[in-house]
Amino acid sequence: MEKALGKEKSGITPRTKKLIKKHLFVYGMLLVAILHFCVFYIYVNIDSFLIAFQDQHTGAWGFGNFRLFFDDISLGAQSEVLISLKNTMIYFVVLLATNLFSFLLSYFIYKKIMLWKFFRFVFVIPMIVSGVVLVAVYSNMLTAGGPIDVIWRKLMGDDAPSLIYSAPYATWSIVLFVIWTGLGMNIILFSGAMNRIPESVIEYGKIDGIKPMREMFQIVLPLIAPTFGTIMLLSCINVFGASGPILLFTNGMHETSTIAFWMYEKVIVRQQFGYAAAFGLILTVCSLPIFFLMRWLLKKLPDDIDY
Amino acid sequence: MEKTIKAKRSIKRYFIQQLTVGNVVAFVVFALFAFSMVYAIAWAFMASLKDHIEYTINKNNFFPENWRFGNYLEAFKLLNVRGNNVFNMLFNSIWLMLGQSLISMAVCCTTAYIMSKYDFVGKKVINFVIIASMMIPLYGSMASTMRLYMKTGMYNSPLILIASASGVGSMFLILRSYFNGVSWQYAEAAKIDGANDFTIYVRIMLPIAMPAIGSIMLVMLINAWNDYTTAIYYLPDYPTIASGLYLYKTIAGFNVNMPVYFAGVLMAAVPTFILFIVFQKQIMSSITTGGLKG
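Which chain is which? The protein sequence lines are A and B, in order. Under this note's numbering, residue 679 is the last one in the first sequence; the count climbs by one each step, no gaps. Under this note's numbering, residue 282 is the last one in the second sequence; the count climbs by one each step, no gaps.
Hints were generated in silico from the structure; no laboratory data involved. Treat the hints with care, as some may be off.
[Unchecked claim] Here are the computed lysine-lysine pairs in the PhoX-like style, where the Cα-Cα straight-line distance is at most 20 Å:
1. A:Lys484 - B:Lys269
2. B:Lys269 - A:Lys489
3. A:Lys389 - B:Lys179
4. B:Lys105 - A:Lys390
5. B:Lys179 - A:Lys394
6. A:Lys394 - B:Lys111
7. A:Lys483 - A:Lys578
8. A:Lys484 - A:Lys578
9. B:Lys112 - A:Lys394
10. A:Lys390 - B:Lys179
11. A:Lys394 - B:Lys105
12. A:Lys393 - B:Lys269
13. A:Lys393 - B:Lys105
14. A:Lys583 - A:Lys483
15. B:Lys111 - A:Lys393
16. B:Lys111 - A:Lys390
[Unchecked claim] Calculated Cβ distances over 10 Å to all of chain B for the following chain A residues:
17. Arg387
18. Lys389
19. Ser446
20. Gly448
21. Tyr479
22. Leu527
23. Glu575
24. Ile579
25. Gln643
[To be verified] Some chain B residues close to chain A (C-beta under 10 Å, calculated; not the full set):
26. Gly110
27. Phe250
28. Ser273
Built from N, CA and C at the ideal position, the CB exists for glycine as well.
Here chain B stands alone, though its shape is the one from the complex (with noise of 0.2 Å):
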């Protein structure tokens, strides 16, 4: 009884301490905000289950008047385009994920172990070149880099990974960050008993750094599934799901049958979403250190 009581009123206190005009007009923005956006893909999900006719006819309804779930199946087939269907776009949006994000770790992995472990000459020349290729832009390089890319075949080509291959970026900071923080007393250790450093990089630093690359490997995954860009860019005729389902619409214009074409952009998502429910944790940890540390 006394319990109830007491928790009645650590809850009223509770409550009057978010009582402030602050944390209302942060909550009513935050509400608004979030239901626009879950709104917008319940909408999306109603369209998706719609028939073609009721949907360009009546958009007023918001649960459709038949539940089409065969939508679903449609997209499979009628997703199309330039002759590639929907398990060519998968494939390569696979290839395509998997290789630039695990080039790019690597290189970015390893470049970052070296600035932070090793003193070396030619250091702090390299520490400035990063930073200020960085910070300083430099507008007009797309268009020597697609010279570049027609001119050693790269253009419309796998070989377009070689680009990925980059040491330097955010992931660099991060991970630079991420190894000044790891003790080179393992190092230390495993050198007295006779291990080279290419060793201790492989078999002692990198297993003790996998948590934190696991995470941003995530966000990276994600990153690499989402990006239309390269694609549309530079793999015309490599359509992935993302760049595929752009493509679709613009070529398909205005005939675009929409609740079928809802069903496939639901679908194109869930792969990201899973993953995101599944690893959760590391993501959101993943994300919020991303921001810069003062």
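With the rest of the complex left out, here is chain A (with noise of 0.2 Å):
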């Protein structure tokens, strides 16, 4: 469109005019947002990579960081970055069968199953109440004392064990809250993303006569089909990111620490700069693969994404 710039350029005509005009318009409005992107994405990023390779105090170059890495793997089964990248795996796991799950069962709102406007309702409560909340009930419900205490100890005979502030447990805990509170969120998602499905061809598929499941298994989940792909491509790349509210539960003890809370504790709490940017380079040289993986895999790994 704009391939008159550079011919009329020697001679300022009212056409040159106007599309100078238009661009100082245009890079006008969007000063803000680009102003915003270079310092807080570009800046950080290359700031990011360059203190990996800098000693927080002397400001020397080295591999200092790095070395506080792998001293760490090496410790084994103590090890916190170990513990914490086999809890992401674990939420990561748990977040693509969630999606799945939810995936299914968001045909049957979709459906108008009885009761599907009572339950909308109640699964959109994990987002209308903060996390803070969500965290301090079903921790309560949960500990000694508490009403799955008082079933067990009904069902087993025995006190419950320390379900929340102890080792093997902590974790799927707050794994089971992750499923609890997220499930009916992406429930109301992809119901949504099929309501938005042509209504002629649910009714097409009505005269040929097809039945509930074939119309949910050839028709509904087909055409969602490039909606779920991307959520669980987007989820797949962003695989070390994958994470529950482990501040609010066990501030990081009893092993539940994640890639997301070490990061937090490294840089907040302990503000090891270069640690946790040494890590998070190498997390980022890791996921790359995954990266081009998936393009490749895909092949049509959309250049664009519309809501």
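Two independent chains are provided; combine them into the complex using the hints.
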């Protein structure tokens, strides 16, 4: 469209004047966003790359931060990094499974199952209410004397183990919380996407006498597949970002740390910037192959996302 | 008479239609899920009305022995974090919530509008950069972000709101696709009347987009009210309601008066809940379109 721009550069015709005016307007309007991006994305990420190779106190260049990382890994089962990595993988797998499960369940909300409006209302609650509130309620239901504990004692005749304040159970309690608060939200998102399927497509199926099962698997789900695929894809690319509200539950104790929590702990609490940046760099390098693998696998990774 | 028989038949047919294996399984899952959610809230409400000692000793009783509504008043007095009382926290919650949402909305909306309605040199590059920055995960940036905040004085200061002025993110995508659907003919007509680009944006396009902006804004406000991370990470001296509740519990440790704490927790959820009940339709539509379109 803007081919004329080059040609008419020599003499300032009214048309070029108009074009210049337009570009001044456009870039003026984008100025804040561009500046923000330059500082909070470009500068921050370059700085992050640099401090990974710098000693935080002396400013000397070197691989000290990476050495800290390998020292930690060499601790084996005691390693904070390895525990965080393991838990992150658990949250990642659970995230994918929850996505898949809610994808199937959302069909029934879309089909207006009995009480669907009530269910939808309840499913939104985790989004409306703060995580602080939900965690307070949930964790007190699980701790000694709470309803879960009472049921456990009635069934097993024995005291329940500390489900939130002991190592093997703590992570799984948080995982259950993530499913509890995340499943309903996903169902609402997917059924919302289903509502955008053109009515006529469904009607066609009905005229052909298609059965509900076939309608679900051969019409509705394939039509939603791109949405579902994109969400799964983004989850896969951001594999090391999977986490739960660790801070609210255990503050990282009882082997519940994840990579996201590890980052918080190193940056905000201990201010070991170099170490955190170095680990971040390692993770980014590790996730780039996943990114390109996904691109190659699907070949049609959207180069543009549209809501 | 005939009508009631017909109605009965249609109800019967409805139930038979509903009786497939998939429907039954889905219904059971939904019902369990909804029950657990409702039960948890009811349980917390009952707990908030109990006596401190009764709560610690006997958790088996669902209903309190004495209904202590006074717990709610006490929560106002008791919740105090690092010299901030409930009203300080409320004030922090409000300026942080409004500041974050308004700034972020203003920048996102302007970027989305320009990217949707104008063709210009460099548009493709900007578009590519926006999408790429959203897709490629960079994990280490938290450390240098914190460093930047400390160097510029944004750390532990209301200046932190500057960080909200980002033009990218899912809000950008939703708004851009909304503007894609708005006809440019309104602008053409206004141009003939002598309006310039800026007046067209402010006087014509923004009012047209107001319903969409409004419902997205509602979701942003709710998210900002519920957000505890910003305040815990970067504003230690400005506890909000959400972060204050967390900090209060960690500072007080096991000495927390749990019923009073629950009263505070439930009250913190009231504003967003009222917002949701009043604007249910808008918020629902905003949430359901939040999914990615294929």
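Going through the hints against the structure:
no.	hint	in the structure
1	A:Lys484 - B:Lys269	holds, 17 Å
2	B:Lys269 - A:Lys489	holds, 12 Å
3	A:Lys389 - B:Lys179	holds, 17 Å
4	B:Lys105 - A:Lys390	holds, 16 Å
5	B:Lys179 - A:Lys394	holds, 13 Å
6	A:Lys394 - B:Lys111	holds, 13 Å
7	A:Lys483 - A:Lys578	holds, 13 Å
8	A:Lys484 - A:Lys578	holds, 16 Å
9	B:Lys112 - A:Lys394	holds, 17 Å
10	A:Lys390 - B:Lys179	holds, 13 Å
11	A:Lys394 - B:Lys105	holds, 12 Å
12	A:Lys393 - B:Lys269	violated, 41 Å
13	A:Lys393 - B:Lys105	holds, 16 Å
14	A:Lys583 - A:Lys483	holds, 13 Å
15	B:Lys111 - A:Lys393	holds, 16 Å
16	B:Lys111 - A:Lys390	holds, 18 Å
17	Arg387	holds, 15 Å
18	Lys389	holds, 14 Å
19	Ser446	holds, 22 Å
20	Gly448	holds, 23 Å
21	Tyr479	violated, 8 Å
22	Leu527	holds, 15 Å
23	Glu575	holds, 17 Å
24	Ile579	holds, 18 Å
25	Gln643	violated, 7 Å
26	Gly110	holds, 8 Å
27	Phe250	holds, 7 Å
28	Ser273	holds, 9 Å
Hint compliance for this structure: hints 12, 21, 25 are not met, and every other hint is.
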